[in-house]
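Novice: Read off the chains here:
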Amino acid sequence: RKEVEQDPGPFNVPEGATVAFNCTYSNSASQSFFWYRQDCRKEPKLLMSVYSSGNEDGRFTAQLNRASQYISLLIRDSKLSDSATYLCVVNMNAGNNRKLIWGLGTSLAVNP
Amino acid sequence: DTEVTQTPKHLVMGMTNKKSLKCEQHMGHRAMYWYKQKAKKPPELMFVYSYEKLSINESVPSRFSPECPNSSLLNLHLHALQPEDSALYLCASSQVYGTERGEKLFFGSGTQLSVL
Chain A
472 RKEVEQDPGP
482 FNVPEGATVA
492 FNCTYSNSAS
502 QSFFWYRQDC
512 RKEPKLLMSV
522 YSSGNEDGRF
532 TAQLNRASQY
542 ISLLIRDSKL
552 SDSATYLCVV
562 NMNAGNNRKL
572 IWGLGTSLAV
582 NP
Chain B
87 DTEVTQTPKH
97 LVMGMTNKKS
107 LKCEQHMGHR
117 AMYWYKQKAK
127 KPPELMFVYS
137 YEKLSINESV
147 PSRFSPECPN
157 SSLLNLHLHA
167 LQPEDSALYL
177 CASSQVYGTE
187 RGEKLFFGSG
197 TQLSVL
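Top to bottom, those sequences are chains A and B.
Going by our numbering, the first residue of the first sequence is number 472, and it counts up by one from there.
Going by our numbering, the first residue of the second sequence is number 87, and it counts up by one from there.
Hints are computed from structural coordinates only; laboratory data are not their basis.
Using N, Cα and C, we set each Cβ at its ideal position, and we do this for glycine too.
Heads up, a few of these hints could be off.
Stated by the list, open to error - Partial selection, computed: residues in chain B whose CB lies under 8 Å from chain A:
| # | residue |
| --- | --- |
| 1 | Lys105 |
| 2 | Asp171 |
| 3 | Leu176 |
| 4 | Leu191 |
| 5 | Ser195 |
What the hints assert, rightly or not - A few chain A residues facing chain B, derived, Cβ under 7 Å:
| # | residue |
| --- | --- |
| 6 | Glu514 |
| 7 | Pro515 |
| 8 | Leu517 |
| 9 | Ser554 |
| 10 | Leu558 |
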């Protein structure tokens, strides 16, 4: 099993739709979680940290389910500008270090 | 606008050339990173500097040589690269490195490198 897994998509949704992505992780001792957004040929940008109690930022909601070892990202009222790849990142213990493990990303296309 | 600045934005080099990538941040961050990203793949960590000392080298070939002259600057020296080294090279910074809560990374816009 991969350390961090995401459905690569692509997810094609119409403007205004609600879309949700999941990301599963294998290490139950993982301590922190992030969603990054990456536009084509651009750098990744931090979208949200994911907190145990769940958190919301405008149209975006992130949830953590420790029992089932996944995090989710919900986007409401999708905009054309939401089209991007969404990368899940998990902070894991790796020996004496901690390491950020990146998922392969989920591609979202919002269509007019 | 990104607060991590990378130059150059594009670079084409031959296999015998020597070139350097540069990165600068003025956020007072004490950790800086080099990542390599191939198309349709996630970023792949190469090096981490923490308080200007090399903390992580992810078994990167010696043809890539990082340098951290001070807390704001990070360089990546390139020599005798191979065509398969063509990729987007991303610099990132974070407040510190190695915390329990993980690091929020701020990326530069990257250098698109082509090795001929």
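Novice: Find the hints from earlier in the document that the structure breaks and name them by number, from lowest to highest.
Specialist: 1, 2 and 9
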